[in-house]
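2 protein chains.
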Amino acid sequence: MAKATGERTRSNDKRERILQASVKVFARKGFYLSRVAEIAKTAGVADGTIYLYFKNKDHLLISIFEDRIDEMCDAVEAQVAGLTDPAEKLRRIIDMQLGLVAEHRDLAEVLTINLRQSTRFLKQFAAPKFNRYLDTIAAVVQEGQEKGLFRKEISPRVFACSLFGALDGLTLTWVIGRGDAGRLEKAAAAAATILIEGIRARGGAR
Amino acid sequence: MAKATGERTRSNDKRERILQASVKVFARKGFYLSRVAEIAKTAGVADGTIYLYFKNKDHLLISIFEDRIDEMCDAVEAQVAGLTDPAEKLRRIIDMQLGLVAEHRDLAEVLTINLRQSTRFLKQFAAPKFNRYLDTIAAVVQEGQEKGLFRKEISPRVFACSLFGALDGLTLTWVIGRGDAGRLEKAAAAAATILIEGIRARGGAR
Numbered sequence: 061m062a063k064a065t066g067e068r069t070r071s072n073d074k075r076e077r078i079l080q081a082s083v084k085v086f087a088r089k090g091f092y093l094s095r096v097a098e099i100a101k102t103a104g105v106a107d108g109t110i111y112l113y114f115k116n117k118d119h120l121l122i123s124i125f126e127d128r129i130d131e132m133c134d135a136v137e138a139q140v141a142g143l144t145d146p147a148e149k150l151r152r153i154i155d156m157q158l159g160l161v162a163e164h165r166d167l168a169e170v171l172t173i174n175l176r177q178s179t180r181f182l183k184q185f186a187a188p189k190f191n192r193y194l195d196t197i198a199a200v201v202q203e204g205q206e207k208g209l210f211r212k213e214i215s216p217r218v219f220a221c222s223l224f225g226a227l228d229g230l231t232l233t234w235v236i237g238r239g240d241a242g243r244l245e246k247a248a249a250a251a252a253t254i255l256i257e258g259i260r261a262r263g264g265a266r
Numbered sequence: 061m062a063k064a065t066g067e068r069t070r071s072n073d074k075r076e077r078i079l080q081a082s083v084k085v086f087a088r089k090g091f092y093l094s095r096v097a098e099i100a101k102t103a104g105v106a107d108g109t110i111y112l113y114f115k116n117k118d119h120l121l122i123s124i125f126e127d128r129i130d131e132m133c134d135a136v137e138a139q140v141a142g143l144t145d146p147a148e149k150l151r152r153i154i155d156m157q158l159g160l161v162a163e164h165r166d167l168a169e170v171l172t173i174n175l176r177q178s179t180r181f182l183k184q185f186a187a188p189k190f191n192r193y194l195d196t197i198a199a200v201v202q203e204g205q206e207k208g209l210f211r212k213e214i215s216p217r218v219f220a221c222s223l224f225g226a227l228d229g230l231t232l233t234w235v236i237g238r239g240d241a242g243r244l245e246k247a248a249a250a251a252a253t254i255l256i257e258g259i260r261a262r263g264g265a266r
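Sequences listed follow chains E and H, in order.
For the first sequence, our numbering begins at 61 and goes up steadily by one.
For the second sequence, our numbering begins at 61 and goes up steadily by one.
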């Protein structure tokens with residue numbers, strides 16, 4: 061750790077290192093069989109250090125999800141703001157979601173598999189952040205509907221859930237099947253075509 | 061239990077009762093926190109009886125999945141065989157998948173949430189049955205492509221994963237959100253439109 065970094069940055073580094081170690085351990089062993097001691101060892105910190113940042117193992121999983129979804133939403137919102145065509149925006153969102161998982165297979169495994177450990181967990185913690193992501197997608201759909209490019213009878217929320225689910229399904233089969241990143245990229249392009257053509261208004265601009 | 065039923069049927073009844081009890085308990089407590097003793101109590105059988113039919117808790121979860129997916133595939137294949145239009149076939153598959161979960165919320169919860177307990181589990185046990193379902197969908201897509209109704213550049217397998225994923229995503233948000241069955245039915249109709257219009261060849265028959 062650089063001497064020049066302040067207390068705040070140093071502590072953030074450690075927190076981030078613990079989160080990254082958790083992703084690795086959860087992906088390898090599954091959430092229930094993972095032990096905090098093993099996460100500490102992987103992160104290169106003392107067991108007790110983890111409890112300075114996180115209450116327990118649940119809190120680690122929640123923090124991975126919340127941090128990564130927030131980063132993803134920030135990045136998606138920034139990229140989408142620079143585009144005008146709603147169809148192009150959807151294509152970019154799809155590329156970004158599948159790009160993130162293709163580059164971080166362990167994270168993909170934690171988000172598609174381990175995160176669904178219990179209904180209580182999903183309802184209580186994951187739902188608010190997850191809704192932020194769905195709202196971002198739904199806003200693009202609504203914009204396309206207002207511009208007359210997307211069919212108005214489709215609920216933007218249902219479209220957002222379908223898009224998220226389709227990508228999650230492709231990620232899941234990719235994670236289970238151990239295909240290479242190129243395969244997921246090709247699937248992303250096909251899924252984008254299906255979903256965008258699926259919502260495009262008949263006679264709308266291409 | 062009726063006196064007239066033979067040994068075979070009686071034993072199948074008990075097996076089925078245990079499976080139904082497992083679905084209830086897994087949905088309520090989550091897979092890891094569920095105990096075989098509680099499943100036995102819910103099924104109205106002695107703890108030891110469960111081990112006459114199932115090796116362990118893992119085997120119960122696997123059996124729920126395998127039984128229900130097989131039933132679903134049999135029903136889907138029978139229904140689809142009676143239709144000629146591939147788009148109509150896809151719509152029927154979507155209605156059936158979401159119809160099953162709308163009628164059996166506990167089962168929906170187990171299949172969308174508890175089933176993803178670990179990567180090992182999914183790879184080793186769920187993948188073969190899951191592939192049977194994906195193949196059924198992919199065959200309909202291929203038929204539509206051969207008839208010139210569906211766009212040929214979309215991989216049938218990618219479409220099948222996207223369709224399954226979209227429905228799984230809608231089911232997940234429905235299970236978490238506790239909406240009524242009617243809401244899921246409306247979402248099913250919208251998802252069908254998105255996916256079918258998404259694969260329909262431009263200028264193809266409607």
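Please note: incorrect hints may appear among the correct ones.
Per the computed footprint, the stretches of chain E lying under chain H, defined by three or more beta-carbons under 8 Å from a beta-carbon of chain H, are [stated by the list, open to error]:
| # | segment |
| --- | --- |
| 1 | 213–221 |
| 2 | 226–236 |
| 3 | 240–251 |
Please keep in mind that the hints were generated in silico from the structure rather than gathered at the bench.
By construction, the Cβ of each residue, glycine as well, lies at the ideal position given by its N, Cα and C atoms.
*Closer than 8 Å, Cβ to Cβ, for at least three residues: run that test on the segment 226–236 of chain E against chain H and report holds or violated.*
holds (count 9)
*Are there at least three residues in the segment 240–251 of chain E whose beta carbon sits under 8 Å from a beta carbon of chain H?*
holds (count 4)
*Checking C-beta pairs, does the segment 213–221 of chain E have three or more residues closer than 8 Å to chain H?*
holds (count 6)
The earlier numbered hints are all upheld by this structure, with none contradicted.
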